[in-house]
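Given chain A, put chain B with the ligands in place with the hints provided.
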Amino acid sequence: MSSHTAHDEHHAHDDHHHGPEPGLMRWVYTTNHKDIGTLYMLFALLMFFVGGALAMGIRAELFQPGIQILEPELFNQFTTMHALIMVFGAVMPAWVGFANWQIPIMIGAPDMALPRMNNWSFWILPFAFTMLGMTFFIPGGAPAAGWTMYPPLVLQGGWNLAFMVFAVHLMGMSSIMGAINVIVTILNMRAPGMTLLRMPLFIWTWLITAFLLIAAMPVLAGAVTMLLTDRFFGTSFFNAAGGGDPVMFQHVFWFFGHPEVYIMILPAFGVVSQIIPTFARKPLFGYESMVYATASIAFLSFIVWAHHMFTVGMPLTGELFFMFTTMLIAVPTGVKVFNWVATMWRGAMTFETPMLFALAFVILFTIGGFSGLMLAIAPVDFQYHDTYFVVAHFHYVLVPGAVFALFAGAYYWLPKWTGHMYDEKLGQWHFWLSTISVNVLFFPQHFLGLAGMPRRIPDYAVQFADWNRISSLGGFAFGLSQLIFVYVVYKAIKGGEKATDRVWEGAHGLEWTLSSPPPYHSFNTPPKVTEAEAHS
Amino acid sequence: MGATTKRRLASAALAIGALAASATARAGYDQLNLPVGVTPISQTAYDLHMLITWICVIIGVAVFGVMFLSIYLHRKSRGVTPAKFHHSTAAEIIWTIIPCVILVGMAYPATKGLIAMEDTSEAEVTIKVTGYQWKWKYEYVEDGITLWSNLDPTSRAAIHGDVSAAENYLLSVDQPLVLPVGKKVRLLITSDDVIHAWWVPQLGMKKDAIPGFVNEMWIRIDDDKAGIYRGQCAELCGKDHGFMPIVVDARAADGYAAWVTERQAAKTAAAPATAGTLAQATAQPTPAARAAF
Ligand SMILES: [Cu+2]
Ligand SMILES: [Cu+2]
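Chains A and B, in that order, give the protein sequences. For our numbering, add 475 to where a residue sits in the first sequence, where the first one is 1. For our numbering, add 37 to where a residue sits in the second sequence, where the first one is 1.
Read the hints as simulated data drawn from the structure, not as lab findings. The beta carbon of each residue, even a glycine, is placed where N, CA and C say it ideally should be. Worth double-checking, as some hints may not be accurate.
Beta-carbon label-pair distances, calculated as ranges [claimed, not checked]:
1) L110/B with E548/A: 48 to 58 Å
2) P495/A with V141/B: 54 to 64 Å
3) L672/A with R115/B: 27 to 37 Å
4) R115/B with P495/A: 38 to 48 Å
5) G264/B with E899/A: 57 to 67 Å
List of simulated lysine to any residue pairs, SDA-like, C-alpha gap at most 25 Å [said to hold, decoys possible]:
6) K900/A with L110/B
7) K276/B with A528/A
8) K165/B with D976/A
9) K113/B with T825/A
10) K121/B with L671/A
11) K174/B with K121/B
12) K121/B with E980/A
13) K174/B with A715/A
14) K149/B with T800/A
15) K221/B with M789/A
16) K165/B with R300/B
17) K969/A with V503/A
18) K969/A with L901/A
19) K276/B with M784/A
20) K174/B with L110/B
21) K276/B with V200/B
22) K174/B with D976/A
23) K113/B with D898/A
24) K966/A with P497/A
25) K165/B with W91/B
26) K276/B with G541/A
27) K121/B with D976/A
28) K276/B with M531/A
29) K276/B with N187/B
Excised from the complex, chain A in its bound form (with noise of 0.2 Å):
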């Protein structure tokens, strides 16, 4: 230190200020975990409209029979991009922001753990989809072989290949280095007293996702550099004619894959078992075997990549292998459920805002559970794979799954974040309208699938009709629910009725002691946790 006097005394006068940057350079040179995740929030925000918006055209074009808006080229993009800037740029990211903004304040610590690479990973954001987006505007158009980016179609794609594989080298790297302030931030800077068993459960969530986006993020990194050298440098890593194999990239692409599907969800259990007990007014029952269901889970998903691939053609053993563990996610998921409902069994339930999205979610979440044990049967999903009936399960568990946990935690949070409480009645209407319209809108899915209806089509034959139709309905009701949050959330900024510390009634946890909004370094003298406080 010594060395370093010129330093030292720039430091020195830094430490002094505790306030943020004035003006808008606060939002660039940000360290404070609150301001970054905010930054986080709001870009997902945007991004699910950004998504969003590409999806209400592929609802438009899925309409009625016949091609009327999009060609199927045109088509082919949006579904693409439509995929990745939901997964990459909406639900992850917002996740994120979560963990940003409730890590430090839920176990006692006054910022993350690593606050410059904090304000990194998300400034590598709006550049990653930047580029990304771009696409649309260079010759050839955007990538439109599918989020999952299948050699050898993928190879058929322009330069929108290398700026689709750099994005998501930027988007990984954010993603990972997110993750380990995550992990170092959870293992060091607890409160004296909060032991690992004592942790709130979103905490042990995004935990263990942390670990699972470490350990799956390099994986698509490598997958997508394979193709890079594929298209641009001769090699031939999936190409059969120069001794590769295009199912090679199946099989590294899902080994990602998977867990990136827990990667979304993880955090969701998280917050709806953290909601759940607030308004039943009881404590979560369970929170042991919670703990080690999402733990089993996060195990399970590294080995059941290829239920995505039983058409593949891989030998019977292998396909017996897949489809016996996949049935096994079945048991943890099964215990999470079995949880929550007995955690409302003998409480005092109200019905806000947040309950509600989480109820919502305890079910739909659960929908599109089964159908995803019914996929897991190998010799049913040679009939289902690929189909609407795919498309349905996993909107099933991204949509009212994910996006409903994560309109839950904001409604939650949202006066602690803001100090203002939000417009309960304008909640409930968004929730009422979303929870209809969505289930308008993918429950059909279900029944145009089993019916015939490939997935990834611009245009189809006409028995489709009238449940696309009735879809696509459901989609821009859907969609301009989502409205009416931007605006609830827009108030709440703005002002409003005053929160109290605690906001919630059954409310507890670490977080609720502090002011809302909590000062600019959460926890200046950490807490001390007891045993009966943690699982109160």
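Chain B with the ligands only, in chain A's frame:
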């Protein structure tokens, strides 16, 4: 929530319900569920599908039933005081073990079905299926017949126009794959460019067509199930992925034999042509077969 709000919600729900009901009425039950199909494989798939659907429905009704009961009974507005319990080892063990038992119950028939589906031995007819962007090629290995199968031109013409003008819009081809009923047919599936997938729902299975690799699947159409069966490419394969349908024309033994003889005669008639046009002769449908299927 005010009374007007409730009424508005109710009428919205009614409108959606009515729309859904009318769609169901027009589309019929076959538009809601997996087809039973016409092969042993499709029957197995259907039975497993129904079994698992009902298991899921029963579990769902039980779990959501308890949940709604709790939502009804254990509301603060009823003046209840919350209980304090937060775990029960017995309950947790029970609801870990019961799902395991149910899963084993599912896995047994699934494993049996899967083993039968993957057994392509002792086939009587072998056909090589090759996917191209965006058409299918069928080569009858024993009989030396080659067919190309493209989207029917009337469908193609209707894409930007009036789709009702095309019969079986997007599900008809210029030349169907003709198969015999009652015989075990082995398909050797591959691709010439990108990955496609060959799928006819009524036949119960799909398989990817992968360049550089040959996949196998088998079909035995039930004896009394001669007829036309339609499907589509099921793996995204570029811009015309939605426009490469599959049509199977399943014929009784004598009808199939007559068709084979006719195709072979047509090929022999074209044989004196030069090598260059020979390929064309096999590639083009005969005038008789040109009608859309
Ligand atoms: Cu998976
Ligand atoms: Cu295709």
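Each hint tested on the structure:
1. For the pair L110/B and E548/A, the beta carbons lie near 56 Å from each other, so the given range of 48 to 58 Å is met.
2. For P495/A paired with V141/B, a C-beta distance near 58 Å keeps the hint of 54 to 64 Å intact.
3. At about 34 Å, the beta-carbon gap between L672/A and R115/B stays in the expected band of 27 to 37 Å.
4. For the hinted restraint 38 to 48 Å between R115/B and P495/A, the CB-CB distance of approximately 47 Å keeps it satisfied.
5. For the hinted restraint 57 to 67 Å between G264/B and E899/A, the CB-CB distance of approximately 59 Å keeps it satisfied.
6. Note on K900/A and L110/B: the hinted pairing holds, with a Cα-Cα distance of about 24 Å set against a maximum of 25 Å.
7. For a cut-off of 25 Å, the pair hint linking K276/B to A528/A stands: about 21 Å separates their Cα positions.
8. Among the hinted pairs, K165/B with D976/A is inconsistent with the structure: their alpha-carbon atoms are about 71 Å apart, more than 25 Å.
9. At most 25 Å may separate the alpha-carbon atoms for a hinted pair to count; K113/B and T825/A meet this at roughly 6 Å.
10. Between K121/B and L671/A, the direct Cα distance comes to roughly 23 Å. Compliance with the 25 Å bound is thereby established for this hinted pair.
11. Taking the CA atoms of K174/B and K121/B, the gap is near 68 Å; set against the 25 Å cutoff, the hint is violated.
12. Using a Cα cut-off of 25 Å, the hinted pair K121/B and E980/A holds, with the two alpha carbons roughly 16 Å apart.
13. Between K174/B and A715/A the alpha-carbon distance is near 20 Å, which keeps this suggested pair within the 25 Å criterion.
14. A threshold of 25 Å between alpha carbons decides the hint, and for K149/B with T800/A the separation of about 17 Å falls inside it, so the pair holds.
15. About 21 Å separates the Cα atoms of K221/B and M789/A, which keeps this hinted pair within 25 Å; it holds.
16. The hinted pair formed by K165/B and R300/B meets the criterion: a straight-line CA distance of about 17 Å does not exceed 25 Å.
17. A C-alpha spacing of about 22 Å is found between K969/A and V503/A, which places the hinted pair at or below 25 Å, so the restraint holds.
18. For the proposed pair K969/A and L901/A, the alpha carbon gap of about 15 Å is at most 25 Å, so the pair holds.
19. For the hint linking K276/B to M784/A, the alpha-carbon distance of about 22 Å falls within 25 Å, and the restraint holds.
20. Proposed proximity of K174/B and L110/B is contradicted: the alpha carbons are some 63 Å apart, above 25 Å.
21. For the given pair, K276/B sits about 19 Å from V200/B by alpha-carbon distance, which is consistent with the 25 Å threshold.
22. Note on K174/B and D976/A: the hinted pairing is violated, with a Cα-Cα distance of about 70 Å set against a maximum of 25 Å.
23. Straight-line distance between C-alpha atoms of K113/B and D898/A comes to about 21 Å, which keeps the hinted pair within the 25 Å bound.
24. This hinted pair checks out: K966/A and P497/A have alpha carbons roughly 23 Å apart, not beyond 25 Å.
25. Restraint check for K165/B and W91/B: not satisfied, since their Cα atoms lie roughly 38 Å apart, outside the 25 Å limit.
26. Note on K276/B and G541/A: the hinted pairing holds, with a Cα-Cα distance of about 15 Å set against a maximum of 25 Å.
27. For the hint linking K121/B to D976/A, the alpha-carbon distance of about 24 Å falls within 25 Å, and the restraint holds.
28. Pair hint K276/B plus M531/A holds up; C-alpha atoms about 20 Å apart against a cutoff of 25 Å.
29. Under the criterion of a C-alpha separation no larger than 25 Å, the hint pairing K276/B with N187/B is consistent with the structure, at around 15 Å.
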